[in-house]
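**Q** Heads up: the sequence lines are chains E and W, in that order.
Going by our numbering, the first sequence opens with residue 13, and the numbers climb by one from there.
Going by our numbering, the second sequence opens with residue 1359, and the numbers climb by one from there.
It should be emphasised that the hints constitute simulated quantities derived from the structure, not laboratory data.
There may be inaccurate statements among the hints.
What the hints assert, rightly or not - What follows is a list of derived Cβ distance ranges for each label pair:
id, chain 1, residue 1, chain 2, residue 2, range
1, W, I1433, E, M559, 17 to 27 angstroms
2, W, L1383, E, G443, 40 to 50 angstroms
3, W, G1387, E, N80, 48 to 58 angstroms
As the list claims (entries may be wrong) - With a cut-off of at most 27 angstroms between alpha-carbon atoms, the simulated DSS-like pairs for lysine-lysine come out as follows:
id, chain 1, residue 1, chain 2, residue 2
4, E, K393, W, K1408
5, W, K1412, E, K656
6, E, K354, W, K1412
7, W, K1412, E, K339
8, E, K67, E, K57
9, E, K18, W, K1408
10, E, K354, W, K1408
11, W, K1408, E, K656
12, E, K656, E, K318
13, E, K434, W, K1370
Values in this document were obtained by computation on a predicted structure and should not be read as measured data.
Glycine residues also receive a C-beta, built at the ideal position from the N, C-alpha and C atoms.
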Amino acid sequence: MLKPTKMTRVIIAGTKELIEPTISTFHRLNVLHITDYSEEGRDFKIGKPLKPASKLSEYLLSLRAISNQLGVLGKETSLKQSSKELPSQIDEKITKLQKEVSSHFDELRSIEFKIKEKEDLASAVKPFFGLPLSLEVYAGYETVKAYTGFIDADIEPELSKITSNYELFTGESEKRKIFALFIPVAYEAPVQKLLQDERSYVELKVPALKGNPPVIFDELTKEISVLKEKHASIKSELDIIKKEYSEFITAADEYLSIETQKAEAPLRFATSPNAFIIDGWIPSRKYDEIEKELQESTGGLAYLTKVEEEVEEEEIPIELENPTLAKPFELLINTFATPKYKEIDPSILIFITFPLFYAIMLGDVGYGMLVAALAVVIKNKFKTGGLNALALILFLSAVLSVILGVVYGEFFGFPLFNVEVKGEMEHGLLGIAGPAIAGIHIPVHRFESVQSLLLITLIIGIIHILLGLILGFRNITIEHGLKHAIYEKGSWMMILLGGIAAIARLMPALMSKLPVQSNDPVFTGGIVLAVIGVILLIKGEGFISIMEIPTLLSNILSYARILAIGLSSAGIALAVNTLSMKLFIKPDGVLLGGGIGLALVGVLILFIGHLINLLLGILGPGLHSLRLQYVEFFTKFYEGGGTKYVPFGYNRKYTEE
Amino acid sequence: MVDPSALAADPKGLIAVGAGLAVGLAGIGAGLGEQAIGAAAVGAMAEDEKFFGKGLLMTVIPESIVIFGLVVALILLFVF
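Throw the hints in and build the complete structure from the sequences for me.
**A** So this is what it looks like as structure tokens:
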């Protein structure tokens, strides 16, 4: 909590014969973050992959190609394959699969090509339906030239000017006029010119086939349907292969990935002709366990030792450590930047403030329950990864929103309790007046108490920013010492607190247009504190830092968005409700007063309006709550820039050892 | 022509118009600022997804301007 897992730097050394058991042990333990060896020295060089590496990656490559072609998707099954039996099957099965799949695919491709060819021919034959000629009569003459094509105009008058020795057939095909013209070769040039000048002329090539066009077309369609049947049967054969082998493929993929990873591990080690050295990091609390495991697997011959040498803070791998409920919030931290080793890990703070801000913004029982339900659905659909974490964050925020919804007395924008608004009594859904808890009368109507809510949000802002500055003070003290911390963060705290004290006295006076009492100790004290802060700031960071002071004010005012987003969400809900209730469902206060049709329109408006507001209600509060963390809070203390802890190993899904 | 005496009698309407202008104009300003930053952030993210956090941060910085407008509007409505 608040600090990343404590890490220890270790060195593992041994003779070359031990390299395989050592790799296996660490891979199984999945704890060692290896620091890649990159400086090629005189004695030590970057290691070479173990012998099976190239063979394994070859298998992996062909397996992935097959799995791509078949479209195998990894599905988690309860049945895990033993990785002891797999190696004996891999060679045989992959070769067989490769042969079968590739021959099937070759056949598929050649059939697809044939189908395309036949289809092209069929569409070329089709226009000739319109002419009463067999296809073979169009070609094969020495002294006669044939022209075929679409044409809109009547060319006969022009043609007879050139020669009377011609034969012209016309017809109609696909609603266009088609013609076939036969002339002696002697007239080729003028006829060609005549046709070219005619704009609507489109030449048609006669396919090199024999017979009556409709007969040929029927034959071609028959051939195509036979080919298509064959295509489908090969596809179903492939589906059978896929069904039969998909479990093997996913398991073998995982097995090969693991083995390749192991075989290529020496690329990250330093090796000499007879020895190897691994440099890396492990969580300190696991040291003893690792030492024991290594002893067992190498017979005590591999050497493991801690290194106490100082290293750059950025090089230490970071594993965040938080209670289960706060764990998903690490996602928000890592999205921004991984913290450095000595920095505060703010996950646990965000675990409190993010849902809180979200809930104050959304604050509606109905929306809260819907968002919670949505989060549960997402969480069940995605068991791991970022979306799962996001769903948990959303769920916590939604539950808190329901609670705040009770405080505000809102259910989809309808009042939950009886409440007096602007002198008029509004009847709530529960039909009772709200209870008073801890002196606060529930419900706190958002539109009625804008001023006090605004004040509350600003106070939240001041506390949040002050917390950020305190964390920053701690971080700087650890890194550069107390003096720097006072200059850099202490000065800001003084300006913040002093400024607030002064403004708290100044504002009421300004508003009531009374002079400020200059002998008020809070006012003068605040001014003095702020001035000391400014002096410290200038001393620490230079004169230019004065430019930064107004950002403090804008940071605090920024928290007014907590109120603003909430008001807009509640406002949209209110507008939708009023529109549908007063105009359609209950005109003039009578249920279904405008008939069933209008009531249905009202229901539609109600549904669409609340759907849009719900989507906005997830997006708006989520983004703005995050923004308050990132921009206002993190900038006070958080630097980031650490390396993420990536242990050498694998999380098995489809196989077991 | 607006009758000056009517204005003097009830300035509430003008205050409401002022409040609306404060939020609306501030919103336009923030939008203008955000469009360029947003486009650049999306460009950076297309190259490297790790920029999401920083991109989001940069994109929403001008949004504070709307909040200032809102605070002015609230003060107009509730204090005067």
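**Q** Given the hinted pair K434/E and K1370/W, is their Cα-Cα distance within 27 angstroms?
**A** holds, 17 angstroms
**Q** Quick check on a hinted range of 48 to 58 angstroms for G1387/W and N80/E, using CB atoms only.
**A** For N80/E against G1387/W, whose Cβ atoms are near 51 angstroms apart, the range 48 to 58 angstroms holds.
**Q** If you draw a straight line from the CA of K1412/W to the CA of K339/E, is it 27 angstroms or shorter?
**A** The hint holds at about 21 angstroms.
**Q** Is the straight-line distance between the alpha-carbon of K393/E and that of K1408/W 27 angstroms or less?
**A** holds, 25 angstroms
**Q** For the pair supplied as a hint, K1408/W and K656/E, is the alpha-carbon distance within the 27 angstroms limit?
**A** holds, 13 angstroms
**Q** Taking only the CA atoms, is the gap from K354/E to K1412/W under or equal to 27 angstroms?
**A** Holds, at roughly 22 angstroms.
**Q** Starting from K67/E, check that the Cα of K57/E is at most 27 angstroms away, please.
**A** holds, 23 angstroms
**Q** Does the alpha-carbon distance linking K354/E and K1408/W stay inside the 27 angstroms limit?
**A** holds, 22 angstroms
**Q** Determine whether the Cβ-Cβ distance between I1433/W and M559/E falls within the hinted range of 17 to 27 angstroms.
**A** About 26 angstroms separates the Cβ atoms of I1433/W and M559/E, which means 17 to 27 angstroms holds.
**Q** Within a Cα-Cα threshold of 27 angstroms, do K18/E and K1408/W meet the stated pairing?
**A** Satisfied, since the Cα-Cα distance of roughly 25 angstroms is no more than 27 angstroms.
**Q** With respect to the beta-carbon atoms only, verify the hint that L1383/W and G443/E lie 40 to 50 angstroms apart.
**A** Since the Cβ atoms of L1383/W and G443/E sit about 44 angstroms apart, the hinted range of 40 to 50 angstroms holds.
**Q** Mind checking the alpha carbons of K1412/W and K656/E for me, to see if they're no more than 27 angstroms apart?
**A** holds, 18 angstroms
When held up to the earlier numbered hints, the structure conflicts with none and fits them all.
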